[in-house]
Amino acid sequence: MQVGRERKQENMQSFRGGGFPAKPHPQDIPFSIEELSDEALMHALALGVLWSLEILYQRYARLLYSIAYRMVSDHQVAEDLLQDTFVSVWRNVGSYSSQSGSVRNWLVAILRHHAIDQLRKRRARADFKTTPVDELVTDESLTMPDAWEEAWKSIQGTQVRNALKLLSNEQRMVIELAYFQGWTHTEIADGYHIPLGTVKARMRLGLMRLKRLLEQMGGGR
Amino acid sequence: MHTDWQHYNEREKTMSCQEMEELLGAYALGALNDVERKAADAHLAECPKCTHTLQQLQAIVDLFPLSVPAVDPPPRLKAQILARIQAEEAARLFPTQNAPTPTPVYRRNQATRWRTALLAASMLVLFLLLAATFAWNISLRQQVTQLSTRVAPPVIYQIHGIGNTATVTGQVIYYPQQNITVLRLYHLPALTGTQIYQGWLLQRQQPTSLGILNMQHGIATLDFQGNLNGFDTVAVSLERGPMASQNAPQGPIVALGMLKTRNAAGKDNA
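Residue numbers (this note's numbering), protein chains in the order written: chain A, 1 to 221; chain B, 1 to 270.
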């Protein structure tokens with residue numbers, strides 16, 4: 001504890017295996033700690049290393065904010081959701097297990113959990129008003145010509161988006177309501193006066209059709 | 001036939017594959033209620049066929065985030081999030097201050113409240129930092145007094161393996177009297193060819209090499225004259241060798257240890 005950083009550098013010249021180089025300029029570093037895998041960052045986070053959360057933020061904030069905004073259509077609420085998501089990650093990092101899926105999917109699941117809570121409260125306040133079907137299936141973000149591609153340079157994302165456009169309006173509607181609006185299948189059946197079995201079938205068949213379409217495009221897993 | 005699984009009772013009825021198949025799309029989309037999900041989970045735990053089909057549908061659902069038009073969060077948000085976490089940590093480490101834990105509030109047009117809350121949080125953090133600095137100063141004085149009468153104990157930090165080397169354990173120990181730091185790791189995978197294990201100290205994200213670890217009887221060790229002041233993390237990387245990598249790791253990080261840990265009592269070990 002008595003030795004400061006400068007003197008420690010001097011002391012470390014005698015280290016085995018090549019000594020202790022002078023502190024390099026950041027631009028000279030060929031490897032950045034930012035290249036650590038997501039799993040390694042989660043491990044560091046579990047030890048309380050705050051910079052690992054910063055790196056996760058740099059990697060996923062844009063994706064998570066985009067999903068949040070897609071779900072709630074409100075920048076202020078989307079900011080709150082992103083903030084709550086990363087605070088939850090910091091508090092609950094111990095609950096993450098690499099065996100249960102990727103870090104990205106875990107982060108998305110946390111964000112959706114917060115967003116769905118928020119949407120349910122909003123729906124309760126609005127006395128469960130349904131969005132007109134026409135409004136859902138003509139969602140601008142799905143039908144807008146390729147302007148979004150300028151901002152989102154993901155080939156896989158493009159394929160998923162194109163595949164979603166190829167679904168029937170009915171299938172896309174139930175998938176949209178369930179994934180991006182947090183509705184359960186019974187809520188969709190009640191809200192839109194569709195038999196529950198029909199909602200289940202549209203969800204299942206819609207996803208299976210998406211799987212086939214993505215395989216044809218070469219983008220499925 | 002569509003069973004109403006909202007009234008599912010585990011003891012009375014189990015779900016068939018056909019009934020599960022009908023629910024798979026809703027399950028993958030997260031559109032089941034808790035009772036239905038519990039019934040589905042019970043079936044999936046014993047049915048590899050339905051589990052396989054679900055995994056295929058889940059893989060498609062997991063791609064949905066990529067389809068969302070990109071929207072950038074405001075640049076200030078990162079600093080706000082880190083400040084909130086640091087404020088919560090400070091409140092946790094100094095509970096006697098009765099610092100209020102920030103709670104999320106969902107309301108529109110609350111920019112003014114946010115600014116006020118941020119200002120209050122900033123002032124709280126500043127106050128806590130000043131208090132901590134004062135306490136640290138007092139603590140240092142006490143340490144000087146104690147060092148003149150007795151030998152200071154070694155300072156120990158734990159190191160853990162990550163990823164494929166999760167079983168690795170170890171410690172980095174600083175001996176104040178000798179002013180020596182020793183790094184020791186167990187259960188590291190055996191090296192092949194010219195590979196080496198190399199130690200690193202990090203201050204935020206800037207790595208500084210400690211050199212090559214010495215492997216003997218399955219135990220990797222490295223010692224050096226000096227302490228760990230100014231660093232927040234110790235790391236070990238697997239390098240191609242035979243020479244130590246310069247400036248920064250070229251191979252994967254296999255173990256990490258924090259040099260300022262949060263212990264069970266919520267106290268700072270550094």
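Do not take every clue at face value.
As the list claims (entries may be wrong) - Beyond 10 Å from chain A on every Cβ pair, some chain B residues (computed): (1) A31; (2) C47; (3) S67; (4) P69; (5) V71; (6) K78; (7) I156; (8) H160; (9) I173; (10) P189; (11) A190; (12) L191; (13) R204; (14) G218; (15) I219; (16) K260.
Stated by the list, open to error - Straight-line distance between alpha carbons at most 20 Å, and here's what the computed SDA-like set of lysine to any residue pairs gives: (17) K38(B) / L196(A); (18) K260(B) / H113(A); (19) K211(A) / K78(B); (20) K78(B) / K165(A); (21) K78(B) / L124(B); (22) K38(B) / M208(A); (23) K38(B) / V87(A); (24) K38(B) / A109(A); (25) K78(B) / V93(A); (26) K78(B) / V87(A); (27) K165(A) / A70(B).
What the hints contain is simulated information worked out from the structure, not anything from laboratory work. Glycine included, every Cβ here is placed at the ideal spot set by N, Cα and C.
| request: Would you check whether the claim that I156(B) is not at the interface survives, using Cβ distances to chain A and the 10 Å cut-off? | output: The claim stands: I156(B) keeps its Cβ more than 10 Å from every Cβ of chain A (closest is about 14 Å).
| message | Is the claim that S67(B) lies outside the interface with chain A correct, judged by CB distances over 10 Å? | response | violated, 4 Å
| query | Within 20 Å, alpha carbon to alpha carbon, are K165(A) and A70(B)? | reply | holds, 18 Å
| Taking 10 Å as the cut and beta carbons as the points, is V71(B) off the interface with chain A? | violated, 5 Å
| Are all beta-carbon distances from I219(B) to chain A longer than 10 Å? | At roughly 15 Å from the nearest Cβ of chain A, I219(B) sits farther out than 10 Å, so the non-interface label holds.
| Can we trust that K260(B) is non-interface, i.e. its beta-carbon lies farther than 10 Å from all of chain A? | violated, 8 Å
| Minimum Cβ-Cβ distance from P189(B) to chain A exceeds 10 Å | holds, 16 Å
| request: Given the hint that K260(B) pairs with H113(A), test it: the Cα-Cα distance must not exceed 20 Å. | output: violated, 32 Å
| field | Pair hint K211(A) and K78(B), alpha-carbon separation not exceeding 20 Å | value | violated, 36 Å
| query | Against chain A, does K78(B) keep a CB gap of more than 10 Å to every residue? | reply | At roughly 6 Å from the nearest Cβ of chain A, K78(B) sits no farther out than 10 Å, so the non-interface label is violated.
| field | Pair hint K38(B) and V87(A), alpha-carbon separation not exceeding 20 Å | value | violated, 28 Å
| Under the criterion that the straight-line Cα-Cα distance not exceed 20 Å, is the pair K78(B), L124(B) satisfied? | holds, 19 Å
Hints 1, 3, 4, 5, 6, 8, 13, 16, 18, 19, 20, 22, 23 from the list above are not met by this structure, while the remaining hints are.
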